[in-house]
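Visitor: Same order as they appear, the protein sequences are chains A and B.
Just so you know, we're using the numbering used here here: the first sequence kicks off at 1 and counts up by one.
Just so you know, we're using the numbering used here here: the second sequence kicks off at 162 and counts up by one.
What the hints contain is simulated information worked out from the structure, not anything from laboratory work.
Any given hint could be a false lead.
[To be verified] Partial chain A-side listing against chain B, Cβ under 7 Å, derived: (1) Pro-43; (2) Ala-45; (3) Trp-50; (4) Gly-52; (5) Pro-54; (6) Phe-57; (7) Val-66; (8) Gly-69; (9) Asp-75; (10) Ser-78; (11) Val-156; (12) Leu-157.
Yeah, the Cβ is synthetic: ideal placement off N, Cα and C, and Gly gets one too.
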Amino acid sequence: MPKNDLQHDVEQFLYYQAELLDTKQWQAWIDLFADDGIYWMPPDASYKTWEGQPAIFAEDKNLMNVRRGRVLHPDAWSQRPLWGTNHLVSNVSIQKEHKNGDVEVRSRFHMMELRRDDVRHFAGSYLHKLKKSKAGYRIQLQRVDMTNAQAAYDYVLQVWV
Amino acid sequence: MLQERVPDLSRSVTSLVEPDRVRREVYTDPDIFELEMQRIHERVWIYCGHLTQIPKAGDYYTVQVGRQPMIMVRKSDGGVAVLHNRCPHRGNMICGDLKGNTGEFFRCSYHAWTFHHDGKLKNIPMMESGYQGTRFGKGNPDCNVKPAARVEVYRGFVFASLAKDGPSLKEFLGPAIVAFDDMCDRAPEGEVEIVPNCFRVIQRSNWKIFMENQLDALHPSVTHQSTGRAAHEVEKQIAKKTRKGEAPLSYHMLSAFATVTIDKWDGFQTINYPHGHSILTGYMGLRPQDPDTLAYDKIMIKKYGKKRFEEIIGVNIHHVLVYPGLSVQSPLQQLRAVRPLGVDRTLTEIWHFRLKGAPEAIYRRSLAYYNLVNSPATLINADDLENFWKCHQGLASEGGDWVSFHRHYGRDLEKNGVVESAPNMGTSEAPMRNQMKAWVQYLQD
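Given the sequences, and given the hints that come with them, work out the whole structure.
Guide: Right, here's the structure in full:
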């Protein structure tokens, strides 16, 4: 595939991933992951693996389904107030391209979150390991390094970033 | 303004707190907050950290004791010091970072005054020419960084008190010392070590609202219904798919928030001690029989013998609360330290410990709880924090004057100053009543 098309396809995929989060299409978002895919947010950028270490998120599809079930449950009190996010994804840089079409891509994001009348801003970098499949890319790993990973959180994160 | 109100306030604490109810100002009045910082948090033993956080000489962590910024540092002689984070010269904070290694001495970034790890003055630039004939210079204790009045360590857990006099750490902890014994005894080597990560989460509420929630055995099945139900559904799906018909224990830890119903919680018990400390016995006493647990049991029996092992593993504790600022889940090796930031803002520092000598799988099991329940993306505390904020908002309003602690009031069993919830009344609000009793005593002193 010519380089430009690859760049375009990967960017479109990353935008779509963010769009599903911002439009709260949780199931469709989970479906972007490979069956053994992992969503990982380390508490420190120096971490090399999600296993066996503290993690802000370290979720396989089963745990993603727990989180989805929670936020959709009518008794998820903290989900009740007016709440929404807006992601911007940029600086998309393909790190590795494998022969089978799998790619590793780095990007940066900025997310604004509104909850009640409060606005919070989160920023950081994504590392996506994407598997090429007939249905398009599937996420093997979505690593999210928050700029504020080590800082105190004023309230918490309820869903994926 | 506070100083004018202090005599008034301490006289009136008895009118703010009745055995079964508490005035809302206790949670919302900034002057009461100042007073409780002075008379509770800056007098009693406050948890600073664990020795394994600072293994090498010069390693330090900054920590807040009451309102005071402090430094916990490993000294060259292997001991630990807790110092005020303040240069005696112009008041500059000495350590601006959360943690680090200061090398052989502290050096103030403003005028290069240097201090030994125990806070004693090492050198002042122009010591001779600049300070000759003044009252400042070596030998004058006013030139040292001020240390905490008292520091004690129990099984690696470091505590400081800013009051010269008072009960020893052991006397202060009393039976709540089981928090640390239970945690360390479960390690084949009898010790725990820190997992070097601290989750720090701010809640927009008074610190007491957090403490009162910790042993409130009625709230989990209400507050955490959503996560408990969602986890239970996934747990069932996984069980169906796997050959052994069992999901990993972490799903059970989450689903129990919904499947352990209110009447079951009533079957547990709280034991409430002097100084406001409490224990909740309960469901974590379960003994799974999976290969990981059996491998761990084998190591433990080899180390301690069958009889002692049964004693250790038979300690049936869900939670230990060390008043005013520590919540310990010893069977899961985690600890939350409360740092009041203001009358309506509280920081919790959440740590996990590794059982030395235990198999990796045992560490990973409790790590799952640490991540799922206590991380900044918690599936559990998100709803607690929401309640805490709403409580504080309601208490700041004039919609009512009192907070009710009437649940099972008058039915608790009291013996020698220890209050136990009565059989099948584990959801008794005895822990909250016990905390407020201690609060009144502290504020009147």
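Visitor: If a hint holds in the structure, say so; if it does not, say that too.
Guide: Checked hints:
1. Pro-43: holds (5 Å)
2. Ala-45: violated (13 Å)
3. Trp-50: violated (10 Å)
4. Gly-52: holds (6 Å)
5. Pro-54: holds (4 Å)
6. Phe-57: holds (5 Å)
7. Val-66: holds (5 Å)
8. Gly-69: holds (3 Å)
9. Asp-75: holds (4 Å)
10. Ser-78: holds (4 Å)
11. Val-156: holds (5 Å)
12. Leu-157: holds (4 Å)
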